[in-house]
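Chemist: The hints should help you fit chains B, C and D onto chain A, whose structure is shown.
There are 4 protein chains.
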Amino acid sequence: MRSAYSDLAMEAREAYLNEQPGAIPGVETQDWQADGGIHINAVKIINQEGVKALGKPIGTYVTLETRIIPPDIQQQKAASQALAAELIKLVGKVEKTLVVGLGNRYVTADALGPKTVENTLVTRHLLENLPGQVDKRVHSVCAVAPGVLGITGIETLEMVKGLVAHVKPDVVIAIDALASSSTNRLANTIKLTDTGISPGSGLGNMREGLNKETLGVPVIALGVPLVVYAQTISRDALNLLLKTLQDGKQNLDTKRLLAQMDTQADAMIDQVVTQSMGDLVVTPKEIDQVVKEVAYTVAMGINLSLHPEIQFDEMTTLID
Amino acid sequence: MRSAYSDLAMEAREAYLNEQPGAIPGVETQDWQADGGIHINAVKIINQEGVKALGKPIGTYVTLETRIIPPDIQQQKAASQALAAELIKLVGKVEKTLVVGLGNRYVTADALGPKTVENTLVTRHLLENLPGQVDKRVHSVCAVAPGVLGITGIETLEMVKGLVAHVKPDVVIAIDALASSSTNRLANTIKLTDTGISPGSGLGNMREGLNKETLGVPVIALGVPLVVYAQTISRDALNLLLKTLQDGKQNLDTKRLLAQMDTQADAMIDQVVTQSMGDLVVTPKEIDQVVKEVAYTVAMGINLSLHPEIQFDEMTTLID
Amino acid sequence: MRSAYSDLAMEAREAYLNEQPGAIPGVETQDWQADGGIHINAVKIINQEGVKALGKPIGTYVTLETRIIPPDIQQQKAASQALAAELIKLVGKVEKTLVVGLGNRYVTADALGPKTVENTLVTRHLLENLPGQVDKRVHSVCAVAPGVLGITGIETLEMVKGLVAHVKPDVVIAIDALASSSTNRLANTIKLTDTGISPGSGLGNMREGLNKETLGVPVIALGVPLVVYAQTISRDALNLLLKTLQDGKQNLDTKRLLAQMDTQADAMIDQVVTQSMGDLVVTPKEIDQVVKEVAYTVAMGINLSLHPEIQFDEMTTLID
Amino acid sequence: MRSAYSDLAMEAREAYLNEQPGAIPGVETQDWQADGGIHINAVKIINQEGVKALGKPIGTYVTLETRIIPPDIQQQKAASQALAAELIKLVGKVEKTLVVGLGNRYVTADALGPKTVENTLVTRHLLENLPGQVDKRVHSVCAVAPGVLGITGIETLEMVKGLVAHVKPDVVIAIDALASSSTNRLANTIKLTDTGISPGSGLGNMREGLNKETLGVPVIALGVPLVVYAQTISRDALNLLLKTLQDGKQNLDTKRLLAQMDTQADAMIDQVVTQSMGDLVVTPKEIDQVVKEVAYTVAMGINLSLHPEIQFDEMTTLID
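Chains as they are written, first to last, in our numbering: chain A, 3 to 322; chain B, 3 to 322; chain C, 3 to 322; chain D, 3 to 322.
Bound conformation, chain A alone:
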């Protein structure tokens, strides 16, 4: 699981705008509504001014606010179709794609990538072996879930590099579960970027990133926040409390106290949380079902974007 903190251009922009209201130089933003009431936000960082302002590489960052959960087939169909439309804009016209499902299939909350691969329509082997006999609307797609360092002993980048060298895809789409900075986006937000997965983001075992620099082909990163770290949720509660109190009229001593609390809060939270037996994560109680539904919806979006002449209903019959 990667942290969504650094990935989330929209949040960076919001944080920036709190301090610098008005347009951000070097950054273009756009918001709109897709079918099914899906809100989409796109942030483009177009030059070094934008890079400096948002602390992220030049590129496009798209956030879709969908309603995959609770499960509703019509809402999920709308989410898949909106995702497909955004992927097509980011990916452009491609003939050959490698889909990479990151994460650990044996840890429910981290299994989004592998489970998305399970539902991806894979065609490369058919096109290579029976070129004349495959439906003309189908393009070449292959898909792997390389596993995590602790189980394989091999860095994800090492695995994917070898495959890219061999398969020579036009683009890589990498799917991962994210750790969110906020509970209200869990499972229903899809994040896309054409900058790949940055070095340094994530939990330490992806130290080099998956991106055009490391792989030599464009990398689209697709992430869905599925967990919140326990520290985050405590911090959110404290912040809200402090903010509410600071908004009231307070004398000087009180203001000083609140400032002091603000300073000490992180240490307190760490103390509470790290008494525990290890990494604690906050998840929806029904995480097993949530991951299954999100993986299916995301995979359908990918399938529709890579074989755009096949419609949703037909696609559902192809991926069983």
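No lab work stands behind these hints, which were simulated from the structure alone. Treat the hints with care, as some may be off.
[Stated by the list, open to error] No more than 30 Å apart at the CA atoms, straight line, and that leaves these computed lysine-lysine pairs for DSSO-like: (1) B:LYS79 <-> D:LYS294; (2) C:LYS170 <-> B:LYS98; (3) C:LYS138 <-> C:LYS170; (4) B:LYS245 <-> B:LYS257; (5) D:LYS79 <-> B:LYS79; (6) A:LYS79 <-> C:LYS294; (7) A:LYS294 <-> B:LYS294; (8) A:LYS170 <-> D:LYS214; (9) A:LYS214 <-> D:LYS170.
Modeler: Same frame as chain A, but now just chains B, C and D:
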């Protein structure tokens, strides 16, 4: 999952002792160390004074602090053996036992009960059908995982009542995952009580409890805290912060402010947490593996207690 | 898994007709085609003559030949709808149903019953607790997967009896995987009967049957053949070979030899098969997926029959 | 799943010996007993005469007849230790190993490879990142389960080649489920060879083999027969029947008939078996548990062979 708040006599005692240092009338407590460095605490509520002081029924409440996680076979063996010893004290000499695994097998963090049943040595059918041919050391055990109300449409109590009427066990052992009030006991604490599962404890779908009153036979409840509610963890962090500040020298205005914060804290936390998509729980990141290891350890403890002439190593070969 | 040999009235009829061409006294049969090219055969045994002729109790035996596998959403929808129509004829108008998923959820080929229960729309708890607030089209349904004797130590009949006494359903629908007598019907045949599950059918752990005599309410048995015993498939091959040879012109010695082979065949097959490590079954290679698809299709058929005012597409959104 | 027909030098030898009793030129064989009553047979093909006689490449073929199933911890320990001893002989002294788990993790009977990888002690990442801090007894091991062509769209050989080029192991150990030619060896036979996996063996999706020619490093293939094809089991029954009859005194006509049957048998069997919906396999009924037990036993054998200074009991605590 039941809340451990109400189940946890030790915590009630600690809360009480903070306000009323010294012995609690009507309550006897004992602490000792078992093999493998396992700390055991037993609280006996012996009369109405004790009931009033701790807010729980007359009975025995045992807490084992074990090291099941991270996995270590020797530590798990010690935990199973210590659990067996405590169960034997609570259960006494019985010939026929019904083991009930509560919870939802399709929700990882709630699957402890069903997974414990999977590892329980079941013998009733052999003893009934081939009475002369079964190892003399084996006693009659049967086991069910009745499922949860949302999946079956039937209250757990209704299911278990029918079985008890038919099987006529000497005792029921009911296993359940607990929601803890503290992160530092997750997965490594085993709680036992001979008072069964009280009405009103839990998440609302066990409105009548499983106990001697409802089932007509003694009910031993065995619980292991596997999750913490997101509210709890935030509340803990806030409490620690407020306590630290209140301990310092503060003028009157500050004290008033802190008191005000204390009052508002719960509402703030609820606001933060319930912005989310539903019930959020805090779990160890590796919850899939944790549940598997705990279920095996608990089931072995139950097996050793119900067939006390069979040793650990032999028992491992019987339950595959 | 029950053997389909004894359950399969159609086969019994065919066997009979081979020797007694023409109508069978005491037996009515009907064949027709439902939407989606589904062939349906219904056999009614109406009196003791029919019982004697077919060796099965008085009642109705329906066989649907569907195309659930390979997976195709339209074919599965047609199968669910045809199944619902036949169930409605057999069950009649009922207000309260108990669905029982037989079999072992931990053995893939035997998990059809438990997996069907997972996809059953369960409503009894809502109707009992919030009677005014539930959609008027919904009837009372509850569902259990009681597990198998080797895991629970309790006979299935004992478990179901207790539930029936408590829930007081108008009808029980019992789902089970069958062992087929022929490979060409695997996974695509659905068998229904209003005679329940007979004593003596099956693998020995259902010695008393689930039927009106034992439960006091009508029992509809629904089975799908998912495995073939290894002996069966070998016997089929031998029979075909012997039949082909016997059809040819042969002298007396040869006929005698073939008769001798026929006599010895079963012993030979047993010798080959039982050299193995235990029960061997023949399954489709993709049995994991097959069971999942069949369980979903069967559950949808049950759901549509028990809440007949809800259409297929809406139903799919209710059972996630 | 690969067919064991071509892999099984011992069977080839037996077939050969039936026709050519006495020593086979170019072939050395040895049989002995290991602890725990495990029978081991080693066949060495040492020159082109042996290649011609047995139809297999020059190399060593080892078969261990173990008792992994039914599960017994002592028997499984003995099997792991005997397997480790044979692997050490075949592999020699190595510093760096790549373990490859072949097969489809979503098809129970084909999941042996992926499940073995799950239980493999993986250390390469630790040795590379924290070289001074790792237990001196540990050697470099990494492990992958590359998935099957139908799910990834990429040939297994393509995947493994890329990894070998990057990881530069001294040896590759490839694990796979086998389709056996006989039911009496299912799950309890372990086959090893230092010739890798030959081109043309298997079910068609491994058209180039995994061996020293294709990968550039020695490849040890480790296989366990877990299924029998339905055709095989029928053929076995017929053969036994024909053989029994042929052994008796028969006149000329009868002999002619039997010869005719022998000729027609394969076509008959295919006709019976392929009336079914697709590939049918014969498996033990409890295949889910069988695969789990065999994978653990095999992985322990591999672990003991690659870190030979660590004993069995300590190893069990390292792979959880």
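Chemist: Hint numbers the structure violates, sorted upward?
Modeler: Per hint list: zero violations.
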